[in-house]
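Throw the hints in and build the complete structure from the sequences for me.
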Amino acid sequence: DNIPKGKPFIIASNHASYYDSLLVPSAIVPKIDKKLHALVNSYYWKPFLTRFFLNLWEAIPVYVGKEKNSKEKNKQATEKAINYLKNKEVVMIFPEGRRNDGKLIKAYTGVAKIALKARVPVLPVGVIDSNKVLPRGKTFPRFKRCEIKIGRLMSFEKYYSKKVDEKTYQSITRQIMKQIAGLIGQKYNY
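Numbering (the working numbering), first residue to last: 1 to 190.
One thing to keep in mind: the hints can contain errors.
[Claimed, not checked] Label pairs and their computed distance ranges (CB to CB): (1) V64 / K158: 28 to 34 Å; (2) K66 / K187: 31 to 37 Å; (3) K75 / D1: 32 to 38 Å; (4) K162 / N2: 24 to 30 Å.
[Unchecked claim] Pairs of lysine to aspartate or glutamate residues, derived as EDC-like cross-links and limited to a Cα-Cα distance of at most 16 Å, are as follows: (5) K5 / E89; (6) K7 / E89; (7) K103 / D129; (8) K132 / D101; (9) K88 / E58; (10) K106 / E96; (11) K34 / E67.
Just so you know, these hints were derived from the structure itself, not from any lab. Cβ coordinates follow ideal geometry from the N, Cα and C atoms, glycine included.
Here's what the structure looks like:
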């Protein structure tokens, strides 16, 4: 019931397993009948097989670490995400930026920046125990049960006409992560 129909939004989810990358879209895409574009670490464009699927799904590479021109490339990634949203499509972000070990870690502010610049709401999603289905370092999934919880849509319209700074982005990111934490029964203390 919390998944919006007919309008663009950002999916923001915790990230404890590679399985999240398939689980979250498989739960949401059939309900929206729209294309979903995920922001993904550029590293995964190196192997042919993952590159093939990422390009097929029109994922957006994000450059981490010491990649050449990473700041400029990430600015382009943000613009690409905003353009997809303006075309009434959906973008998925794991604000933590990498997999955690089942406990939330400090999130990056990209989700807040894109939400404000595109003027779209954020749908918080909590995934519980996906790290037990596909643990770190394992290739094949385990026969374990995991759960996905979809929160209420979060709107940040009150910021659209205001000048925002890094502190505002951090505050919005914290609000989003606290909603995700509540969905999965954890605390977000960053």
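Hint by hint, here is what the structure shows:
1. Between V64 and K158 the beta carbons are some 31 Å apart, a value that agrees with the proposed interval 28 to 34 Å.
2. For the pair K66 and K187, the supplied restraint of 31 to 37 Å holds, since their beta-carbon distance comes to about 32 Å.
3. Taking the beta carbon of each, K75 and D1 are about 36 Å apart, inside 32 to 38 Å as hinted.
4. Between K162 and N2 the beta carbon distance is about 27 Å. The supplied range of 24 to 30 Å therefore holds.
5. Taking the CA atoms of K5 and E89, the gap is about 11 Å. The hint holds against a cut of 16 Å.
6. Proposed proximity of K7 and E89 is supported: the alpha carbons are some 8 Å apart, at most 16 Å.
7. At roughly 10 Å between alpha-carbon atoms, K103 and D129 fall within 16 Å of each other, so this suggested pair holds.
8. Distance check on the hinted pair: K132 and D101 sit about 10 Å apart at the alpha-carbon level, within 16 Å; holds.
9. With a C-alpha separation of about 15 Å, the suggested pair K88 and E58 falls inside the 16 Å cut-off, and the hint holds.
10. With a C-alpha separation of about 6 Å, the suggested pairing of K106 with E96 holds against the 16 Å cut-off.
11. Between K34 and E67 the alpha-carbon distance is near 32 Å, which puts this suggested pair outside the 16 Å criterion.
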